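Number of protein chains: 2
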Amino acid sequence: MSKELSKREENYSEWYNELVVKADLAEHSAVKGCMVIKPYGYAIWEKMQQALDKMFKDTGHVNAYFPLFIPKSFFSKEASHVEGFAKECAVVTHYRLKNGENGEIVVDETAKLDEELIVRPTSETIIWNTYKGWIQSYRDLPILVNQWANVVRWEMRTRLFLRTTEFLWQEGHTAHATAAEAIAETEQMLNVYAEFAEKWMSIPVIKGIKTPNERFAGALETYCIEALMQDGKALQAGTSHFLGQNFAKAFDVKFASKEGKQDYVWATSWGVSTRLMGALIMTHSDDKGLVLPPKLAPFQVVIVPIYKGEEQLAQISEVVKKMKKAMEAKGITVKYDDRDTQRPGWKFAEYELKGVPVRIAIGARDLENGTVEVARRDTMEKETLQQADIETKIEHLLEQIQDNLFQKALSMREAKTYKADTYEEFKQVLEATPGFVLAHWDGTAETEQKIKEETKATIRCIPLNNKQEAGTCIYSGKPSTQRVVFARAY
Amino acid sequence: MSKELSKREENYSEWYNELVVKADLAEHSAVKGCMVIKPYGYAIWEKMQQALDKMFKDTGHVNAYFPLFIPKSFFSKEASHVEGFAKECAVVTHYRLKNGENGEIVVDETAKLDEELIVRPTSETIIWNTYKGWIQSYRDLPILVNQWANVVRWEMRTRLFLRTTEFLWQEGHTAHATAAEAIAETEQMLNVYAEFAEKWMSIPVIKGIKTPNERFAGALETYCIEALMQDGKALQAGTSHFLGQNFAKAFDVKFASKEGKQDYVWATSWGVSTRLMGALIMTHSDDKGLVLPPKLAPFQVVIVPIYKGEEQLAQISEVVKKMKKAMEAKGITVKYDDRDTQRPGWKFAEYELKGVPVRIAIGARDLENGTVEVARRDTMEKETLQQADIETKIEHLLEQIQDNLFQKALSMREAKTYKADTYEEFKQVLEATPGFVLAHWDGTAETEQKIKEETKATIRCIPLNNKQEAGTCIYSGKPSTQRVVFARAY
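Quick note, the sequences are listed as chains V and Y, same order. Numbering (this note's numbering) for the first sequence: 327 to 816. Numbering (this note's numbering) for the second sequence: 327 to 816.
Same shape as in the complex, but just chain V (with noise of 0.2 Å):
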């Protein structure tokens, strides 16, 4: 397979999906709408997973795990909930096979469920039937719960990572004795969220509070991170919701407070997904293929040799296996390949379709003069420095590369941030610059339908501490407080 990728100038889209399958991310699997993580993929997930656990682990969560499936009568309890969740599901009705008359096997049809059974698309119901078992007085609260798990909602229009039917995540769920006490909860996870994306993704990110229109179905306030992309499309990448009483009442789940009082419990949920890995794609990566944050790479550096005859490998082999522990001993990952089933130049290539943040080659003239020569993915700038202490600057430079990343990416962001004032701007700036588009609006629900109709660019947030600024609606003229956000969206 060629690792030529498609230009990101002349297609984006394809150009991501190319990415995607030739640097052994992922790939569309034999169950529409359902992808294969690979290998190479999985371990940038493994590593986000560990980085998130530890951040919900720190702040006093801990793990458990529900059923995967949700009786349908589930979804009717939460009138809001069913209205936004419950109907592109994926949906049990038999629990049997039996062999068919041609050797071909059949759903066995006397093998029908009472009730129909739903492959979870999120998991309030099921978590808030459960905790009505758990919760009976203020002691057994507050409940600071996380599950990492798949989850399924039928799309019929998919993309790698982005929007797939089956994806993975981590959904918390928390219940508490105050309102004030849920909100504060809510807000935690969306900053550990922001800190996650800002420190070892290298995505800078704008936090903020959905409008009514966007919040998750269930929710009385939805909080988001909202990254934008080099195409000029924003992506949400976390969302942290306040829950208000609503799975409560609808699960019946009451407390008694130290006064003895009965009331029913407050809750909060929050998440993130593998579409994480589409953001982190499209964030950094080049017409060369990806590039990774050094904290989420699979492995930081890789080595190659450049030799000619089993000797001179030997030798070269030697100095590596030196530079190696030594780089490992400060927590470097690092990858020797001397396969001699390829070329130097084939497995520069591969590294750099693959993201590796640095790149080590090292010749007979290295050997002579003591050097080697390293390259860094980020910004493709190659330098030829001593072997003497070389742990201690590939340390340095894998910082530098982190902060790099995220610097690009927030000039990126910022260059693509715009103000329109009137709606024929706004609409010309969506069309000929894409990005964030900051603007007016009277904050009702009909004048944000109309213009994502129109343009199809939505809210993406309302920034948390907002600047007050008086002005008028784009679309209606009417007065307005403050601008919000607008993208169009992944």
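Simulated from the structure, these hints should not be mistaken for lab results. Just so you know, not all the hints are guaranteed correct.
Copies of the same chain look alike in the list, so a pair counts if it fits in one copy or across any two.
[As the list claims (entries may be wrong)] The calculated lysine-lysine pairs, modelled on DSS-like cross-linking and capped at a C-alpha distance of 30 Å, are:
1. Lys403 - Lys438
2. Lys804 - Lys782
3. Lys438 - Lys424
4. Lys380 - Lys656
5. Lys373 - Lys651
6. Lys673 - Lys584
7. Lys661 - Lys373
8. Lys438 - Lys358
9. Lys413 - Lys776
10. Lys673 - Lys648
11. Lys778 - Lys745
12. Lys742 - Lys559
Here the structure is a predicted model, which means the values were calculated and not measured.
The hints should help you fit chain Y onto chain V, whose structure is shown.
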């Protein structure tokens, strides 16, 4: 809820069911046959996962993720596989719900799938269908992939952890160029499982191979580890399968050898599941509750202060803080339970129920004497120790407990392992003193089946490196060259 459990001697089965729920490990969910794994139980499973995952990676394996759903037709492709598996499955037939007439939601009959999807009971078929695209030549081999996932096998009679409709597991699926390499992989993973069982879970296991009757559907050889529970019933704790070229042929996966010849690829698969939680509980626990080997305990040490008044608590807490820090520096996990809502006696019973390996109590007199009271969960022994260097003493004690649990389980197994030379004797042993029964068998499936029907005992395995001795089959009287391991099993 009372902490009192049924007694093992009186009702082993009730004791187990109560223990799982009361120790906060798992509970039944609203979905028949599916369990909720509660945070304390899930924390133990996470420790298991971490240890196993490291062992898999240390032996060269990588993780990946394959779809939850499998097209129905895939099951028909490998003839023996469909016989063993495809029958009791969750079948997805529709992909949409809609609002019904009375406000309830109903299945949208217009959204019927052309081909039904099966929720994976195991993933050989979908994975080998994927490998077809990954393998062209010997250079692509071996593929050493593992998946952590949920699977569903419809069960009519379920028990928490031991047999549930949905369970969590890992499934390794490897592809090799030669039969010898695949067999070596199968045996390597059996050894990994045995080491994990013995070193981490403190459960002695017999390594062996299954009879053809008991083989995995589609395997040429199934290796297993078999453990013995306190009630004398056996539990299969892990399996590793040599699949030959069966799945490669079913999904047409060929490779070009170094010499340019086309051949089908050789396969293995291997797995352990949340069933291990059941084995862990039933091997070590007692009438007071769970007993955990230190290496798998969510926290290894609990410290309980015994005090009157705030001032005394403050003095105790100061000492505890230092001890805790010193222990944590050694990698020991410690919980300090200074809640004022519960009395010490209640806490003691709680942590005995939850199987915390070591309890440290510290009161006013201990402050004066520079001592603490240390109680170990496995033997229920208590001793008074000087606070000085407590971290080293506890470190050694935890190692002792880990070893002691293994030795105790080994002694139990040895005491419950019998020889039987006649069918009468065999039946009597099974009734009077359940355990492993070593007996001669004529090697036929018919005899095995008859014995199973008449006694409910199955051949658990033919041990590896089994001692060869001449004898006669207990059932048929025909000649036999070795004893095999019989037992009634979970």
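Q | Indices of hints not satisfied (ascending) | A | none
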